Every structure is written in structure tokens, then in C-alpha cells.
Amino acid sequence: MEGTMNRDLPVPAVIAAIRPLTADTSLLTLCTEPCYRVASAFLPGQFLELSLPGVGEIPVSYCGFPAQDGSIELCIRHIGHVTTPLKVAVPGDTVGVRGPFGHGFTLSDYTGQDLLLIAGGLGMAPLRSLLLALLNQRESWGGLTLLYGARETGALLFLDELLELQKRGDVELQLAVDRPEYCLDGPPYCRIALLPALLEQLDVDPGRTCAAICGPPVVYPLLVSRLRLLGLSDDRIHLSLERRMKCGVGRCGHCAVGTRLCCVDGPVFSCAELAGTEGAFV
Amino acid sequence: MATLFIAHHNLAALVEKLHRYAELHGPVRGDDGVVRFTAIAPGTLPDLSAIRTLLPPKKYLLHPQETLLNYTAEAGYQMPVEEVRSLILFGLHPCDLAGINYLDQLFLGDDPDPLYAARRSALTLVGISCTPDEFCSCHLLTSPLKVLSDLFLHVVEGGFIVASGSPRGDELLDVVKEFLEEREVVVPEDACRFFGHAAIEQVHPELDATLPEWQELADRCLGCGACSLCCPTCACFDVLEFGGLDGSSAVRVRQWDNCLFKCHAEVAGGMSFRKDRAERFRYRYRHKYRGFGPLQGIPACVGCGRCRVVCPAGLDLRPLAERLDGGHHE
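If you're matching them up, the sequences are chains A and B in order. Residue numbering for the first sequence follows this note's numbering, beginning at 1 and increasing consecutively. Residue numbering for the second sequence follows this note's numbering, beginning at 1001 and increasing consecutively.
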């Protein structure tokens, strides 16, 4: 009952903590009542619909790892009609959540494989969820590489966390920023380049590597063609597509990609599924 | 074979009887000359000779704007408690019945839409046969959609053959049994010229974007969205929320949306995945003739002809459909 109820009706979630990540982005931790735990049982790559009463509802990717206590982490950039008012939210405020929706990353496909995570900008949010899930069973996978690009060093999300993981040797981290900042020292291993440039010197075994990509739509064609040059087949390239899913349950028609619906069949698709689909990227 | 028959001269009395049974709506020509589905005034007859209404019956199932949720600070989000009155829709043509069948598949699947389900269960559908005009293409269609109704009237010489399609139809037949007679009637063959049921050919899901026709159509299209507004199977909706003036309540509504509008494929930051009109045109075509999501492979076009009638630029997708899908043939 609660599972179906949560699909059409937002259930209350209390903001437990707010952690500023960059100048315009914060990490919200939401807490749901035990009866609404369904909202916090998700797979990396899935999304939920976040409601701000009186303002509206938006699709947001899960950013954390499914927690026992039913808490939900969401990475919010305060830039839209719902996310801007959230900038002044304080712990204790209540929002609404529906979900989880969609088809996320299929972890079982990755068993024994080397994984290449490629994140651009805010695309780090859903990939953080995947990264945490992968680290949770670290021994199940081979090499774990994260390529992460952002506009500038100040916009790199979760940098402290990622550098810590790099230090522990769990993840091989490569960073890139589009432009240098003169007053700040860049983090170690950070290049001034566009994200696809990180793939140029990468050494991968295309037969046992899967790539998971999330970033601005404009970089997808370039990333996919670079990955193909490295020898990865299309079924090994998994992309999370961005669309404005207004209902989340396959009715409103806004998130159609070719003949598929992003909210039901996606948002994570393999490149093979999207082959020849007009409007899949830009 | 003997069939149930209603003579023309009994129609007025039958409509009168149905009036007493439930609220009765049907095609009525207004003073403005527009034929629309609306309440049939007592003592009058629906306009059964009109070939099509301006808006399809989807307006009964999906209101142009309707409340999805109410919010109050105390109770949170709540679904509206809406009183759904039972309603007989009288005089639906096969294309409109097929359109309702399409919407049923979309909104009453594994995960039914509560609002749609409530309204649909309150509707009793009475269909009627018709003769296609030059705008109709139902008789050229091959479609897996079904023409389902509770009661169906087949127009023949001197009256109608009546057939029930559901238990509710049987009930209705019982209500009007005094006007029914058993008769040997031969149905003329051309009276069945609607809605072929043949299986559709498997077509490649992707459209050939290089065809020059797309740009030609897009150049003439005004982007007004009238074709989608009057389409019996166009069901895209937008979701909006409005805060109340008291500062603690809100209402969330859904309203008809339109894939020919630029904002339909917009995402955060104003980026759009269908920037030019030809792309939006192909999107509409794909939905109407090939289907997507759970209804992939089921063409949504029911051939009612409304889009061709209302298009201010006189656009017609049929020649393209014939060329691309071969689904339409004489």
C-alpha cells in the first residue's frame, strides 16, 4: 500500500541537515517517517520527485547510499524555481517526496568488471550514489576510475571526500576544470582541460570495462565517441539522461526519448539502447 | 438473425428515459454553430448527424485543468475528494471510442491514475456508427485499438440496431426495453466502414529525419498546437503548483500540454532537446503513428480528422504516414 501511495502522493520528509558544497550547491539530508521508508530504498541512478509546498515539484537524482535509517541525500543546485527557495530552507523544514522512480545502474552487470565513472558538473551527484554503492562491495569489481570535470575548481563537488578515497587507494581519481582560477590553488591531480580530454591518455581494457556517465547533455556525444575510440562497445557505455520528468510514472509525456520514456525505461540507458535515437543527447 | 432494433420515432422517448436514469451528455450544436459534447437539454435530441465535435470526449476524463493535490500546513499533500457523478455519453463515434480505449491503456495500466480511474468508472459509453467524410481516415487505418462501448447503435434504414458490450450496457438495455423490438435487419456492408482491426506491420522505431517533408511541414506549421488540443489521444500534461494567499496552503494542478510548444522538452537551465519545429513535428508524428513508452507499437491516431479540420495552415500528415508506415491504405 505505502509503495503505491507514494507514487501519486508526496509524503513528508524533514530536512535533517544542510551541508553547503559550493557557492550555489548544497547537500540536503532528508528524513522520512518509518512508514514512508519506501522513498529511501533506491538503486543508484534512480530519481525521486521533490516537492516544495506552494512552489512545485522537480525530479532529483538520489545522491547518497540507501541508508538503514531512511535518510535520503540530495544534491541541490540553487538555480531553478524550486531549488532557489530551498536556499533559505533550514533543518526542520518539511518537503515532500515521491519515489523512487526509474531504472538505475544495474550493479549486477558490473561484477568483475573495471569501472570507469565519468561525471561532469552536477552529474557527480548521481554518480556519487553509484560510487558509494560500488565501494560498499569493493571486492566485487576490478579497477575503479573516476573522471570528474567541472567549470572551475570551486565548483568541484565532494572534493574532500573524493581526495580521501583517492588517498585510500579505493578509486583512481582524475580531475579537470574548464578554466583556471587565479586566487585558488587547484586540488592535486587536477588538469585544466575539458572533460573528454581526460579520456585521451587513459589505459583501459575495453573487453572488461564498463563506463557510467552523467553530465551536461552537451558532452555526451564527445564522451561516447572517445569511449568508442578506446574500444568500448555500446552496451558497455551507460548514460544517465536528463529530462524534466513531471509525473515520474510514464503519463505526462515530457521525458520521451525516441520511443522510450526516461522516467520508466531510464534515466539510465546503455548507448546501444539509444543508437539512432533522435534527440537522445542534444 | 433477429437483432434488437430501435425505430427512429422512438429515439426521443428513449433519450427522455435515459435522462431520468442518469446525467446525459452528447454532441449538441450550439448557437455558435460549434458541435460539442455537452449536456443534452431535456426535450431535445443530440445532433447525431454531426460528423465530429470540436473537442473529443477526452475532456470528460482529463479536464483541461484539474486539481491533482491540495496542500495545507496541517495535513500536508492530500488528494482532492471529488464527487464523480455517473454520466452517460451518448453518440460517440468509433474513432472517439478507440481514443478512449487508448487513454484507458495509458491511464489504467498496472498503476492506474486515481483521478482518471474514478471518472472513467462513472462513464457509460453509448456509441453510434457513422459515415466518414473527406477528413476522416478511420476507415483506412489498421490499428490494434479496440472500439469498446457499453452500448452501440448501428444506423440502419428506419432506426438503429442496438448491441450491448458490457454488463452496464445490459443494464441500460433493460432500462429502455420498452422501446426495443426484435427485427430481422440486414446491415448494409458500407455501414461498417470504420476502424479496421488488422495487425499493424512492424515498423522501425526510428524516423528518417533526412526526409525533406519534415522541413516542408515544419515551415508551414504555425506551432499553434490546435491539432494536439483537439486530438482524442493527446494526453501530455503539465504539472503546476500555486501557493495560496494565506501563505500556508497550495494547490497542484495538471493541465493539457502540447508537444508542439518549445517548452515541452525543456530541462533545467532552459536547455531544450527539441529546439526546432521539425524535431517537434517528428516527435508528434512518432507519438501519433508509432507510439512510445508502454504503448510503443500502438499508433495513437484514430483517424477522427479533427487535426486536419482545425489546422489553420491546412497541414495533413496522411501522405507522410502512407509513405513512412504504409499503415494507411485504401
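Treat the hints loosely; a few may be bogus.
Stretch-level coverage of chain A by chain B, calculated; a stretch enters the list once three of its residues show a Cβ under 8 Å from a Cβ in chain B [as the list claims (entries may be wrong)]: (1) 6-19; (2) 219-225; (3) 242-250.
Hints listed in this document are in silico derivations from the structure and should not be mistaken for laboratory results. All values derive from a computational prediction rather than experimental measurement. Backbone N, C-alpha and C fix where the C-beta goes; we use that ideal spot for every residue, glycine too.
Right, here's what the structure says about each hint:
Coverage of the region 6-19 of chain A by chain B holds. Counting CB-CB distances below 8 Å, 6 residues qualify, and the rule asks for three or more. Look at the region 219-225 of chain A against chain B: 0 of its residues bring a Cβ nearer than 8 Å to a Cβ of that chain, fewer than three, so the hint is violated. Only residues whose beta carbon comes within less than 8 Å of a beta carbon in chain B count, and the region 242-250 of chain A has 7; three or more means the coverage holds.
Consistency note: the structure conflicts with earlier hint 2 alone.
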